[in-house]
Amino acid sequence: AQTVTQSQPEMSVQEAETVTLSCTYDTSENNYYLFWYKQPPSRQMILVIRQEAYKQQNATENRFSVNFQKAAKSFSLKISDSQLGDTAMYFCAFMEPQGAQKLVFGQGTRLTINP
Amino acid sequence: GAGVSQSPRYKVAKRGQDVALRCDPISGHVSLFWYQQALGQGPEFLTYFQNEAQLDKSGLPSDRFFAERPEGSVSTLKIQRTQQEDSAVYLCASSVKEGPTDTQYFGPGTRLTVL
Numbered sequence: 001a002q003t004v005t006q007s008q009p010e011m012s013v014q015e016a017e018t019v020t021l022s023c024t025y026d027t028s029e030n031n032y033y034l035f036w037y038k039q040p041p042s043r044q045m046i047l048v049i050r051q052e053a054y055k056q057q058n059a060t061e062n063r064f065s066v067n068f069q070k071a072a073k074s075f076s077l078k079i080s081d082s083q084l085g086d087t088a089m090y091f092c093a094f095m096e097p098q099g100a101q102k103l104v105f106g107q108g109t110r111l112t113i114n115p
Numbered sequence: 001g002a003g004v005s006q007s008p009r010y011k012v013a014k015r016g017q018d019v020a021l022r023c024d025p026i027s028g029h030v031s032l033f034w035y036q037q038a039l040g041q042g043p044e045f046l047t048y049f050q051n052e053a054q055l056d057k058s059g060l061p062s063d064r065f066f067a068e069r070p071e072g073s074v075s076t077l078k079i080q081r082t083q084q085e086d087s088a089v090y091l092c093a094s095s096v097k098e099g100p101t102d103t104q105y106f107g108p109g110t111r112l113t114v115l
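Chains A and B, in that order, give the protein sequences.
Read in my numbering, the first sequence has 85 at position 85, and its numbers run on one by one without any break.
Read in my numbering, the second sequence has 4 at position 4, and its numbers run on one by one without any break.
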């Protein structure tokens, strides 16, 4: 079974700083998808960014980018110019393209952006 | 447009009671997922529907858990004879169709507390 590990339970940075959240995963599959989801205090989970394992280029979405290291099974999220609204729980997730496309989540990292 | 909605938002049940949690997916979304999120943890997959067909129920923790989606839209997660360990937030997600590039949109969740 696939597992996803987020080793940083909590992180805190000042507004406008850059922060990197770590994620590692374990799988024997060669083709899969990786995601970062944001869960603000209101609890509605929102997709931040997605990476296909067969793509070597790292995904970017505005201030959010990933560092995908397939051989190391590492998938970190970098948030540039952090804003107060980035305060949330961040979950790394894995998906196989076959079957139910269920998401396997890590334990989450609580990120606080301080003014 | 309207997102995924869930009701009730909060449910308190006495141990042994039956509960029913409702999910209204985004109109036209074919795929529907249920996840269980224990306090301080990432969500864990429970079950998956494609239209009215329940294609994967491998995550249901016991036979006390039952889910249905009879008309391929609204879904209900039923928990019989609730136990304290059932206390969690139950998240519903829907996507347009079955595919790893289809974003799963999450509802706000139902927080179940079993006393």
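The hints are simulated quantities; they were obtained by calculation from the structure and are not laboratory data.
Do not take every clue at face value.
Said to hold, decoys possible - Below, in silico cross-link-like pairs of lysine to aspartate or glutamate (EDC-like), each with a Cα-Cα straight-line distance of 20 angstroms or less:
no.	chain 1	residue 1	chain 2	residue 2
1	B	Lys97	A	Glu96
2	B	Lys78	B	Glu52
3	B	Lys57	A	Glu52
4	A	Lys55	B	Glu52
5	B	Lys78	B	Asp102
6	B	Lys97	B	Glu85
7	B	Lys97	A	Glu52
As the list claims (entries may be wrong) - Some chain B residues close to chain A (C-beta under 8 angstroms, calculated; not the full set):
no.	residue
8	Tyr10
9	Ala13
10	Phe33
11	Gln104
Please read all numbers here as calculations on a predicted model, not as lab measurements.
All C-beta atoms in this analysis are idealised placements derived from N, C-alpha and C, irrespective of residue type, glycine included.
Hint check results:
1. Lys97/B - Glu96/A: Distance of about 15 angstroms is within 20 angstroms: holds.
2. Lys78/B - Glu52/B: Holds, because 16 angstroms separates the two Cα atoms, which is no more than 20 angstroms.
3. Lys57/B - Glu52/A: Answer violated: Lys57/B to Glu52/A is near 26 angstroms, above 20 angstroms.
4. Lys55/A - Glu52/B: violated (34 angstroms)
5. Lys78/B - Asp102/B: violated (27 angstroms)
6. Lys97/B - Glu85/B: violated (32 angstroms)
7. Lys97/B - Glu52/A: holds (18 angstroms)
8. Tyr10: violated (11 angstroms)
9. Ala13: Violated, about 19 angstroms.
10. Phe33: holds (7 angstroms)
11. Gln104: With a closest approach of 7 angstroms, the Gln104/B hint holds.
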